[in-house]
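Using the sequences and the hints given, assemble the complete structure.
As a plain string of letters, each chain reads:
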Amino acid sequence: MQTVFIMKKRLEVPFDREELIKLKAGDTVVLSGTLLVARDAAHKRFFEALQKGEELPVSLDGDTIYYMGPTPARPGKVTGSAGPTTAGRMDKYTPRLLDMGLCAMIGKGRRSEEVCEAMVRNKAVYFAAVGGAGAYLSKCITASEVVAYEDLGPEAVRRLTVEDFPVIVVADAAGGRLY
Amino acid sequence: MGTGVSVDWKILMREIDVKIITENIKEMCISVNHRLSDDMEEAMRGAAKKESCGRGREVLDILCKNLEVAGQEQIPICQDTGMAVVFLETGQDVHLTGGDLTEAVNEGVRQGYEEGYLRKSVVSDPVIRDNTGDNTPAVIHTEIVPGDRVKITLAPKGFGSENMSRIHMLKPADGIEGIKEAVLRTVKEAGPNACPPFVVGVGIGGDFEKCAILAKKALLRKVGEKNADRPEYVGALERELLEEINKTGIGPAGLGGDTTALGVNIEVFPTHIAGLPVAVSICCHVNRHETRVL
Numbered sequence: 001m002q003t004v005f006i007m008k009k010r011l012e013v014p015f016d017r018e019e020l021i022k023l024k025a026g027d028t029v030v031l032s033g034t035l036l037v038a039r040d041a042a043h044k045r046f047f048e049a050l051q052k053g054e055e056l057p058v059s060l061d062g063d064t065i066y067y068m069g070p071t072p073a074r075p076g077k078v079t080g081s082a083g084p085t086t087a088g089r090m091d092k093y094t095p096r097l098l099d100m101g102l103c104a105m106i107g108k109g110r111r112s113e114e115v116c117e118a119m120v121r122n123k124a125v126y127f128a129a130v131g132g133a134g135a136y137l138s139k140c141i142t143a144s145e146v147v148a149y150e151d152l153g154p155e156a157v158r159r160l161t162v163e164d165f166p167v168i169v170v171a172d173a174a175g176g177r178l179y
Numbered sequence: 001m002g003t004g005v006s007v008d009w010k011i012l013m014r015e016i017d018v019k020i021i022t023e024n025i026k027e028m029c030i031s032v033n034h035r036l037s038d039d040m041e042e043a044m045r046g047a048a049k050k051e052s053c054g055r056g057r058e059v060l061d062i063l064c065k066n067l068e069v070a071g072q073e074q075i076p077i078c079q080d081t082g083m084a085v086v087f088l089e090t091g092q093d094v095h096l097t098g099g100d101l102t103e104a105v106n107e108g109v110r111q112g113y114e115e116g117y118l119r120k121s122v123v124s125d126p127v128i129r130d131n132t133g134d135n136t137p138a139v140i141h142t143e144i145v146p147g148d149r150v151k152i153t154l155a156p157k158g159f160g161s162e163n164m165s166r167i168h169m170l171k172p173a174d175g176i177e178g179i180k181e182a183v184l185r186t187v188k189e190a191g192p193n194a195c196p197p198f199v200v201g202v203g204i205g206g207d208f209e210k211c212a213i214l215a216k217k218a219l220l221r222k223v224g225e226k227n228a229d230r231p232e233y234v235g236a237l238e239r240e241l242l243e244e245i246n247k248t249g250i251g252p253a254g255l256g257g258d259t260t261a262l263g264v265n266i267e268v269f270p271t272h273i274a275g276l277p278v279a280v281s282i283c284c285h286v287n288r289h290e291t292r293v294l
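These protein sequence lines are chains A and B, in that order.
One point on numbering: in the numbering used here, the residue at position 178 of the first sequence is 178, and numbering is uninterrupted.
One point on numbering: in the numbering used here, the residue at position 57 of the second sequence is 57, and numbering is uninterrupted.
The set of hints was computed from the structure by calculation and includes no laboratory data.
It is possible that part of the hints are untrue.
[To be verified] Here are the in silico distance ranges between beta carbons for each label pair:
(1) B:K171 with A:P14: 50 to 60 Å
(2) A:R159 with B:N163: 19 to 29 Å
(3) A:G26 with B:G175: 33 to 43 Å
(4) B:D61 with A:K44: 34 to 44 Å
For clarity, every value in this text was computed on a predicted model and none was experimentally measured.
We put the CB at the ideal spot given by N, CA and C, even for glycine.
Here it is, written out as structure tokens:
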């Protein structure tokens, strides 16, 4: 879909780490490739599994998590509305996931100091997508599949394929921040 | 009362079957999640034209485009289709028949969220957190008013912005300056988390819970609407707060700009000699609500 953002950069996901660390807070980017989707309930389960020494149902190493819980897809559609949710609610769980190799996150809103420190330590990047633009953003999603915790319904872990998905760098790998 | 006179109340009371309420709630759940009211849509388009920051303008253009896509393709405007908040003003000359009113409202929500492909975002217990699977129960505020009509307002509330709403129990000495400071502080804290541009509902007076309900009801008024019934200072305070909020630079999506709020709506109520309660209900740009009168 034609995006309105005046785009500076196109990048593939999962990211090439070399490319990822070049990004600076404020850069606008369009992403194509695959992303993981997880929000509150899935993060809680990830965290509890790790506490018990269990393996996660999906590998996060080198991957990107989009904080999102979609509306149900209408028949014949790939997804329903699919905009970002507030990232700060995942802060409690995020440093641990970053230390396991998670390299990027997409959401909206502020992150805690602990998350920002863990991002710098692991050279990870936090992006924002436009909050409340779920219908528009859904047009950039070409495939969606539940890959774990199906019982969580809208909070299940998904694998999305995206095309020209518009985001902006809020916090970069060097510690630079837009807000 | 021992007078021996029997009254047939059915002659005096207008009967309304609660199934009609279910049907209306169902339809409203679906419609409000796909199309904003005209005043909200106009406010968004007007802001997109006026915004002076390039990035803010880009975000507003995306949000306007989002409204078009949502309406044309029947995709909810936002994936957070909210917790259903229902205001029911019931005329005291109405007799509701055919079942339990609360269950009738919840049934409307259940059907609307299922048939409208809306997200089920409600958990049965705040600690145990199992999704109820049908977006019920709704939050229902009932009020008995004169007359024989039932006025139903549905306002599904997303929690990105609900989480940033606040109540401030100010002192009378804090006065209007204290109110301004409380509202501005709340808006700044909400910032990029709550999906600006906001509509800010402010409830002043009453007590702890009354001011919160006033603040939420304030969101139902048209943005920029004048209300002649209120004290004169209210309109001036709304204008001044809107100006101050838009000077914060938070901007659309919190990415910078001069459109941080589309409107500030204030409701006031008498209060206690010792208090000055102020509630600030932050609503994102997807300020959804519809009212029907039966």
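Now for the hints, and whether the structure bears them out:
One distance hint, 50 to 60 Å for the beta-carbon pair K171 of chain B and P14 of chain A, holds here, with the actual separation near 55 Å. Here the CB-CB span from R159 of chain A to N163 of chain B is close to 28 Å, well matched to the stated 19 to 29 Å. Taking the beta carbon of each, G26 of chain A and G175 of chain B are about 40 Å apart, inside 33 to 43 Å as hinted. Look at D61 of chain B against K44 of chain A: about 36 Å separates their beta carbons, and that is inside 34 to 44 Å.
Figure legend: structure checked against the earlier numbered hints; every hint is met.
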